[in-house]
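Following the hints, put chain S in place on chain V, whose structure we already have.
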Amino acid sequence: MGYIKINQDKLSAKTAQELIELCPFNAFDYTDAYLSINAACKLCKICVKNGPDGVCEFIEDDRPSIDKNKYKGIVVYVEHYQGKPHPVAWELVGKAKELARITKEHVSCLVIGDKTEDIVQEALSYGVDHVHVYDDPAFHDFNVETYTQVVADFQTRQQANILLFGGTMQGRSFAPRVAAKLKTGLTADCTKLDIREDGDLLQIRPAFGGNIMAKIHTPNHRPQLATIRYKMFDAPTKQNPHGTIHHHHLDKPLAASSIRLVESLPKADIEDISDADVIIAVGRGFKKEKDLELIEPLRKKLNATLACTRPLIENGWFDARKQIGLSGRTVKPKLIINIGISGAVQYIEGMKDAELIISVNSDPDNRLFEISHHNIIGDLYDVIPELNRLIDTLT
Amino acid sequence: MNIITCVKQVPASSQVDVDPDTGVLIRDGNNVKMNPYDLYALELSFQLRDKRAGSTVHTVTMGPPSARQVLLESFFMGGDEATLVSDPRFAGADVLATAYTLSQLIRTIGNFDVVVCGKQTTDGDTAQVGPEIAEFLGIPHVPYVIDILNVTDRGMRVRSIYDAHDEIVDVAFPCLITVEKGHLVPRLPSYRRKLAYRDHPIGLVALSDLVDPNPDHYGLKGSPTQVEAIFPPDKRTESVRHTGTKTELAQTLFDLLKESKYV
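One line per chain: the protein sequences are V and S, in this order.
As numbered in my numbering, residues 277 to 671 make up the first sequence, in order.
As numbered in my numbering, residues 19 to 281 make up the second sequence, in order.
Please note that the accuracy of each hint is not assured.
[Said to hold, decoys possible] Taking lysine-lysine and the BS3-like style, the derived pairs with C-alpha atoms no more than 27 Å apart in a straight line are: (1) V:K321 <-> S:K51; (2) V:K564 <-> S:K264; (3) V:K391 <-> V:K380; (4) V:K577 <-> V:K610; (5) V:K608 <-> S:K276.
The hints are simulated quantities; they were obtained by calculation from the structure and are not laboratory data.
Excised from the complex, chain V in its bound form:
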């Protein structure tokens, strides 16, 4: 906690200029020989660490701290659609168990719905210590207002330390609602989680829209909330259940919701890139849509699934479900071949756990090369046609 104080007496026009140039967020305003900090400041403290000596100073200010010992347990919210749980929940259970070994906490699942028996049993089979259940016909369809009330009720009873949500489309709408209700922090789409012995969750994710990772924590609020994308972690192996089931009912009657689901319209299924073993991913290196035909021989030969980067979705070349990255899908294939992709960090975080990564790009300094196993430094318009000739010789 704290703020940045500018010691105006140590400031000159020159040092002010230095600070303006140093700040990555343009948070300094210098007018009439007075330097001020505007709302763009992210408290990154670069001006304190790297700025002119003594001009910027970080002032700590104290405030009462919460008793962290009162909050125990890591809880995974089990999302489901029409009675089927989303597998991201079990991946989060796997991670929660790893974290709980450090803090010696219990791992629980929270299930909200109607006729949830099968989901509860499946949760137990992953070796959780407790399953908390709110089962009621009123919870048949997910409703963000009513479900938020339920989580608030659960938190009042259980005083959880950590609540984890899948970073699905539903989770990304639900978790923030819960965070605001409980007036606590939430970190979206963490790519890595760690924990301190005092129970502080370390949430790591790309930040500031760039190629930077941030380690984020919630030092003075409980519960700590995070969403994590599907396929980031591994589900634990199933085991003999040892956990306990707890049925809960709301203390207060449910406030009526002003959202009413009229109709749910299933979409035609498309091949889910999250489950693919072999992926060919294409990016902005392709100059026009027709050029994608170049990779067809390789795709057929490998029986690969095609995926792409965000700009190609923006071009309208692919269905949005084909996008790899934090704003698309996370993939973990056995093989991924990246063609014409330079690798923004959001993309890299979505595929870096592939077993074998081969990248083709003409720019030797592109970021994707830093995480690929094999880098083919060449223009895709040169290399791929040659490769197609070699593939032709096989048949």
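Positioned in the frame of chain V, the structure of chain S alone reads:
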């Protein structure tokens, strides 16, 4: 109908680097634009306005004084009113503090039927601020809206897009929606509006003007999450680089696939 639309100024490029020696962020901060998702939020707002006579679109943003630029752009596209909420004490705001600030601004403006947000921003990428604003205002929200199907005095019917299904939802006013991009076509700024609106007043709201002026609820102080460290992403040490003529490179790639038994 009174529509409040939230927009944000974001960096035009995501190319941010960390200096490996000093750990300092290197970013071309002068290069900014309107968050691309907000263009769709604005378009949807204008279409909603045009369905009910006498409706207005009031755009709001939180940011440094220079963020007025995105509000001007919203005028040129079709906005009627605009307000900037800005205060040095908002510095260091995380999602909760940002959403709280915007909810306070919306309460201060008052008298609204619909709040419209883009699905997410391209710099934060969290998609969390919209739903949190709704919770702070105590109103329902519908995410990922692509179309307004019907509007009455009391509410509207919208279509939302999810991964494996679409949803048709009825929601009562007042409410908040977040707008998914790619379905509407955002209108371009008009030259005529540019001339008409370039000196149109933009409201300025500071912390002391808000319904809750307690500085502890804003900026870093009001933020439960803290950035403890920033660092460059991991690199793989065992990367192998292959160079050569196009024939050699194709052969290398072919051999790699053969070795790993994919061809």
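Hints and how they fare:
In summary, the hint linking K321 (chain V) to K51 (chain S) is supported, as the alpha carbons are separated by about 25 Å, within the 27 Å threshold. With a CA separation close to 21 Å, the supplied pair K564 (chain V) and K264 (chain S) stays within the 27 Å bound. Distance restraint check for K391 (chain V) and K380 (chain V): the Cα-Cα separation of roughly 32 Å exceeds the 27 Å cut-off, and the hinted pair is therefore not satisfied. At roughly 16 Å between alpha-carbon atoms, K577 (chain V) and K610 (chain V) fall within 27 Å of each other, so this suggested pair holds.
Distance check on the hinted pair: K608 (chain V) and K276 (chain S) sit about 21 Å apart at the alpha-carbon level, within 27 Å; holds.
The structure fails hint 3 only (numbered hints given earlier).
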